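Next come the chains, spelled out residue by residue.
There are 2 protein chains.
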Amino acid sequence: MESRREKNPMTEEESDGLIAARRIQRLSLHLSPSLTPSPSLPLVQTETCSARSKKLDVNGEALSLYMRGKHIDIQEKIFDFFNSRPDLQTPIEISKDDHRELCMNQLIGLVREAGVRPFRYVADDPEKYFAIMEAVGSVDMSLGIKMGVQYSLWGGSVINLGTKKHRDKYFDGIDNLDYTGCFAMTELHHGSNVQGLQTTATFDPLKDEFVIDTPNDGAIKWWIGNAAVHGKFATVFARLILPTHDSKGVSDMGVHAFIVPIRDMKTHQTLPGVEIQDCGHKVGLNGVDNGALRFRSVRIPRDNLLNRFGDVSRDGTYTSSLPTINKRFGATLGELVGGRVGLAYASVGVLKISATIAIRYSLLRQQFGPPKQPEVSILDYQSQQHKLMPMLASTYAYHFATVYLVEKYSEMKKTHDEQLVADVHALSAGLKSYVTSYTAKALSVCREACGGHGYAAVNRFGSLRNDHDIFQTFEGDNTVLLQQVAADLLKRYKEKFQGGTLTVTWSYLRESMNTYLSQPNPVTARWEGEDHLRDPKFQLDAFRYRTSRLLQNVAARLQKHSKTLGGFGAWNRCLNHLLTLAESHIETVILAKFIEAVKNCPDPSAKAALKLACDLYALDRIWKDIGTYRNVDYVAPNKAKAIHKLTEYLSFQVRNVAKELVDAFELPDHVTRAPIAMQSDAYSQYTQVVGF
Amino acid sequence: MESRREKNPMTEEESDGLIAARRIQRLSLHLSPSLTPSPSLPLVQTETCSARSKKLDVNGEALSLYMRGKHIDIQEKIFDFFNSRPDLQTPIEISKDDHRELCMNQLIGLVREAGVRPFRYVADDPEKYFAIMEAVGSVDMSLGIKMGVQYSLWGGSVINLGTKKHRDKYFDGIDNLDYTGCFAMTELHHGSNVQGLQTTATFDPLKDEFVIDTPNDGAIKWWIGNAAVHGKFATVFARLILPTHDSKGVSDMGVHAFIVPIRDMKTHQTLPGVEIQDCGHKVGLNGVDNGALRFRSVRIPRDNLLNRFGDVSRDGTYTSSLPTINKRFGATLGELVGGRVGLAYASVGVLKISATIAIRYSLLRQQFGPPKQPEVSILDYQSQQHKLMPMLASTYAYHFATVYLVEKYSEMKKTHDEQLVADVHALSAGLKSYVTSYTAKALSVCREACGGHGYAAVNRFGSLRNDHDIFQTFEGDNTVLLQQVAADLLKRYKEKFQGGTLTVTWSYLRESMNTYLSQPNPVTARWEGEDHLRDPKFQLDAFRYRTSRLLQNVAARLQKHSKTLGGFGAWNRCLNHLLTLAESHIETVILAKFIEAVKNCPDPSAKAALKLACDLYALDRIWKDIGTYRNVDYVAPNKAKAIHKLTEYLSFQVRNVAKELVDAFELPDHVTRAPIAMQSDAYSQYTQVVGF
Ligand SMILES: Cc1cc2nc3c(=O)[nH]c(=O)nc-3n(C[C@H](O)[C@H](O)[C@H](O)COP(=O)(O)OP(=O)(O)OC[C@H]3O[C@@H](n4cnc5c(N)ncnc54)[C@H](O)[C@@H]3O)c2cc1C
Ligand SMILES: Cc1cc2nc3c(=O)[nH]c(=O)nc-3n(C[C@H](O)[C@H](O)[C@H](O)COP(=O)(O)OP(=O)(O)OC[C@H]3O[C@@H](n4cnc5c(N)ncnc54)[C@H](O)[C@@H]3O)c2cc1C
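If you're matching them up, the sequences are chains Y and W in order. For the first sequence, counting from 1, position 565 maps to 570 in my numbering; every step adds exactly one. For the second sequence, counting from 1, position 110 maps to 115 in my numbering; every step adds exactly one.
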């Protein structure tokens, strides 16, 4: 409830109880909702909201042109292909086993029939790869993830962690799906803490082989996509154990990646020593066959070590260009950041679909109304605007932020610039976790905002929520990823004080730290005019101020607590604070990108619509955290009140262009699919679906 | 993110950047999460959280004795019955059609084999009825709802809206499931706004019959439970149309309820004139067969009018003990409040199961740890405590509040006391909406808190969330119900000013209004000692202050806006504010009940544990709304900070008795069922489930 909480109404005008009371009884009359003793019809007249202010006339074409991705052609090709193949569309109800087969067939259809070959783009044109992923994800999210497992995880591990010999041997088979494969990192006992993995790969110099073993049940590889049914290979992450000539006899070289064949190329039988079980029914993504793998002395040739960052020679000597176990492991994991970029990007895609369905239906749906007048659209209720309009604004905000992330990632893949690598790493961790957490909550809000009809499976919220849910966990758990963002900020904070340079995205910290460490300006704290509150400078300053102060304070707290609690204890004592810092930072980055996008929009009316959304995004976030701002007198009480009023007003304004803003996502009916959100005759399409 | 937001850290000690920075780098080293370049092993030592303070020794038996419901015997009988009948247990994966058949068989088994007869308790012993509902709901939520449709909705409408002739004719058949039935109120176009229903029941004096008609597609009865497959009858809500002798020819007497046979008693064929379609696959509750009904001149005898509140004589004359259409409709709907009480109560049951699974697993699961020390339980992370401990405290809070609601409801059913009717009506609307919204969000938090293993269907969060989701919507949409609570408060506010009496639950408004309308006390606003913050008087005062102020202010705002916008417009302009008021009020009622429950607990150690939870509930809510309190200087900046610190500390304290608090719910493993939450050998039970 806190998000709707009126944090400030107490400063609202004082009441004259008696007069009010009389009127109140009459007011409450208009409300005659379900299952309640219902008073008589109201007598009071009303003016409906939508008549309240002049509506902005948005050039929809210009807006969608501005929003449109570069790779719309391949996306449309994908939509057309699946549209032409009803046999490849996922029905509303399907068993797990059938769903898995269908999903595999969808992938085969995409690659072998539609001729879309995602693998080549994984390395060479990531923007295109992500566009493909977004499109197939909206066909069925399971397909998006299945494709990601095959090309980005299994394929990606081979080309990014292996060397030329691996590429030569596996590229074509992975590309054309002859070599289906898995990415086997997680174990039953270790997910987030990958350094704790226990599977071993022991070098046997006699036979020139590695022996893969699962030392105990906790080390069973778990959740491995493609393992339960379709995979022929797995990239297995295991501790490399080398024989030594000292008393210990062996040496643990840390976690490395190995290609392990798990099923016979011809018979598809599980290979000897490999035990595969099915992880079973999941909350969602049941088109993906996640399995659990146990290895009993499975032998693989030495060549199957993915040896880009570390190699073992014929005689068992270890070589690497990188000095330490941790550097090597870091480099290994660093190559996999693309998965996270993809999830952030795909999550915005889900948010777009969900917001579109909820908003289109809320425009159509009417319920209650002023006495003796037609019922009103539920989107005219202030509460419905509160549920959906900041969400619509946020969708735009995240759109621009993730497009930027994808660009940066592509650039990084080309230049391998070190600064950029660090930047993309933290940005992808932050955006992935922030956006997926938001979308997960938004999906529930959308379902609820559509009432009973939102609960029909055909209207999509259920499967979208169930499929998307795990975006918060895989490719790095959100709570863990945010800590990486916080750690990165602290590192840069330190650099700043040592006079180092700060990278592009974060540079505001450098510029602003000094300003923000001083007390808030008591004069501007009182400015409450709309022009001021809608000034990007005020908004950005407020976000940056908050981040800078959070950073400075947590640094001090960490320092204090580490004296008594040690590093681990101090970090834990400040953990909520650190997570807040990370989120605050990400919100700041998102706002900066949104402001830039508004500025660069060439069409004036489109720009005006974006500006409304951007202001709503900014002020809604400030209002949500008004306690922080009030507590240090960054805003005075009346300014807080003005921010709240303006937020409600902007929600109402955005409602007036909601249709245009949603249309600009250019999601055709065959992508949104929910009958209640069809662009024409929604009700009759809905009744048809159930058989009338 | 707002809930974790550090609203106050800026007042934390100022930093010495340089020293801090050096330490920070070391601190950040301990963090080596998945898929990221991971730094070297940390060197700093740590003290784990759980060693920080002395643990309270809770007498678990005393605590569970205090928590235990009166009707544990019948609940155990139900559990035992289903335990002994594996054929009646719902498998993880099941098709919609099979699920519906199974669900019907579960109900038949319960009634005819286990001999549990819920129908007699609907009217005579509601507490027992709700206990049965809770127990069957934890077997399968679909069964709980299916049972509710049969006995509380269909059966309840017959006995509560009908008269002796209906009871005599239908009681036994409903009781023994020969007369399966539906409650057909909602239409495609009208859910919350039931006064807008369009189905008609026209009296035909020639044949002494009513003719039921669906005038247009928007009037198709929709979402009707039991209609798609099993129902033989439906209580249909339709506008009663009577012939008149004036020029209009007919008169619309408003919505009434009629018993309409929809399927043949022998052949089970749909009867002539009735068209039934299947609403299809839903987000959850797929064991319930919701259908859509269209009527084409379906004739029923005059006796089928449920005539308790209004009757039609042989010659078409209308009689009623109640004066107006609205009074009659109100009385009709008022009889159905039990469904809402049941949902609030059942929702707490779901929350208990979900919190139990998440907390038991969080105690077991270990991930990361201080350097060279064993990994720690994830419940030792401050962030995990933040996710789950206020939730555990809230579960206790809602437990006591809904137990109270059920008691009041039973009393009301016995006494029919008018004051109590009004009280129960508002309280059930408020608690139903507040608790179900909370539980819906909590289920997502629990899934996420359990990481990947929380996503295995077998661990329950998916089905619990999907099934529970609609609790927010049916039996009255939450956003609509909260408005009823607000309207009720405004009504009482008015009564107060007219010198009327306030009923029990709300009486604090009477007592406190005068105090709270004055300015906050600048002295107590600065008190920040733990004793003060944990004093129930401070906590209740803070909650009541907020509610009183919100009420007073919204009354004034409504008065102001109604001048220009009319009643409907003014209400809408203040809608967010009104919803906040309603929530604030409900939170206050919940806190008062919790404080009372702590006070009355006979065992000192159990009492101490409850006190921890109660303080956490109270302070967490105050902190969530700290902006409001700060803005009117109800709390000074340092007090705000103290509240935040104490909240984190209490989360940690509650964590230390989390096992005991969860155990006291007395949910046996065969009820929680999630392998990851088994009370012993959870991991090995989990591996067994997937086939190892
Ligand atoms: C559908 C699905 C598909 C998957 N596919 C693959 C795959 O193909 N290959 C593969 O290798 N893996 C795969 N995974 C595994 C996935 O990567 C892991 O689930 C993920 O890394 C999280 O690890 P975990 O589940 O062990 O959670 P844990 O690490 O056990 O986390 C559990 C909880 O503890 C909290 N927590 C943990 N550490 C900390 C900390 N330091 N501070 C605060 N809180 C903490 C987390 O926030 C989380 O809420 C898949 C998982 C699923 C569910
Ligand atoms: C699984 C299931 C089982 C059901 N079983 C039955 C049954 O057996 N019998 C039966 O008769 N019905 C049944 N229903 C219908 C149920 O009672 C309705 O769905 C419910 O009353 C809500 O109505 P609605 O769906 O039309 O939502 P709407 O009233 O259309 O509401 C849609 C949205 O608009 C918002 N809204 C509406 N009015 C206002 C307002 N005044 N102010 C602010 N916001 C507003 C709501 O908050 C909601 O978010 C069932 C529904 C489902 C999904």
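Please note: incorrect hints may appear among the correct ones.
Which copy is meant is left open, so a pair is good if it fits within one copy or across any two.
Unchecked claim - Mimicking BS3-like on lysine-lysine, the simulated pairs with C-alpha atoms at most 25 Å apart in a straight line are: (1) Lys501 with Lys565; (2) Lys271 with Lys82; (3) Lys565 with Lys650; (4) Lys616 with Lys598; (5) Lys377 with Lys253.
Simulated from the structure, these hints should not be mistaken for laboratory data. In this text, all values refer to a predicted model and were calculated from it rather than measured experimentally.
Results of checking the hints against the structure:
no., hint, in the structure
1, Lys501 with Lys565, "within (20 Å within a copy, 53 Å between copies)"
2, Lys271 with Lys82, "neither (33 Å within a copy, 55 Å between copies)"
3, Lys565 with Lys650, "between (40 Å within a copy, 16 Å between copies)"
4, Lys616 with Lys598, "within (12 Å within a copy, 47 Å between copies)"
5, Lys377 with Lys253, "between (89 Å within a copy, 19 Å between copies)"
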